[in-house]
Amino acid sequence: MAYKKYKLYWSNESLDNLENILDYLNKKWTPREVEAFKEKLRKQIDIILSFPEIFPISQFQPRLRKAVLSKQTTIFYEINGDRITVVYLFVAKKNPNKIK
Numbered sequence: 001m002a003y004k005k006y007k008l009y010w011s012n013e014s015l016d017n018l019e020n021i022l023d024y025l026n027k028k029w030t031p032r033e034v035e036a037f038k039e040k041l042r043k044q045i046d047i048i049l050s051f052p053e054i055f056p057i058s059q060f061q062p063r064l065r066k067a068v069l070s071k072q073t074t075i076f077y078e079i080n081g082d083r084i085t086v087v088y089l090f091v092a093k094k095n096p097n098k099i100k
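Just so you know, full-length UniProt numbering puts 28 at position 28 of the sequence shown, and the rest follows in order with no gaps.
Quick caveat, the hints were computed from the structure, so don't treat them as lab data. Errors might be hidden in some of the hints.
The calculated DSBU-like cross-link candidates involving lysine-lysine, where the alpha carbons are at most 35 Å apart (straight line), are [stated by the list, open to error]:
1. LYS38 - LYS71
2. LYS4 - LYS66
3. LYS27 - LYS71
4. LYS43 - LYS4
Pair by pair, the computed Cβ-Cβ distance ranges are [as the list claims (entries may be wrong)]:
5. LEU8 - PRO56: 14 to 22 Å
6. GLU35 - VAL91: 17 to 25 Å
7. LYS28 - PRO52: 29 to 37 Å
8. LYS4 - LEU25: 30 to 38 Å
Model, not experiment: these values are computed from the prediction. Virtual Cβ for every residue (Gly too), placed ideally from N, Cα, C.
Build out the structure end to end from the sequences listed, making use of the hints.
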């Protein structure tokens, strides 16, 4: 069975989110813990690229799907043809209604 190939894109906002998360983690966690977080993120992105519809549709933005990365972090992404765009990395302390 052939799987559809998707191209991954990151919105500017999601890149900013990731940078802020990593800055915070680098201050609070050990380098080993930060690397484990990055590896977990890579694996979750691989799952999204392989099976993008496996994750539920967001109740806040129906055009988006959400993949829980950790108790504190959720990946919101959009499927558009052969493109998957990571729109936002949500940290549990923020208001989900503000996701665009």
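Status of the hints after comparison with the structure:
1. Restraint check for LYS38 and LYS71: the C-alpha separation of about 15 Å stays at or below 35 Å, so the hint holds.
2. Among the hinted pairs, LYS4 with LYS66 is consistent with the structure: their alpha-carbon atoms are about 20 Å apart, no more than 35 Å.
3. For a cut-off of 35 Å, the pair hint linking LYS27 to LYS71 stands: about 19 Å separates their Cα positions.
4. At most 35 Å may separate the alpha-carbon atoms for a hinted pair to count; LYS43 and LYS4 meet this at roughly 18 Å.
5. Separated by about 20 Å at the C-beta atoms, LEU8 and PRO56 satisfy the suggested range of 14 to 22 Å.
6. Restraint check, GLU35 to VAL91: a C-beta distance of roughly 19 Å satisfies the suggested window 17 to 25 Å.
7. The hinted range of 29 to 37 Å is satisfied by LYS28 and PRO52, whose Cβ atoms lie roughly 31 Å apart.
8. Checked against the hint of 30 to 38 Å, the C-beta distance between LYS4 and LEU25 comes to roughly 33 Å, which is consistent with it.
Checked against the numbered hints given earlier, the structure satisfies every one of them.
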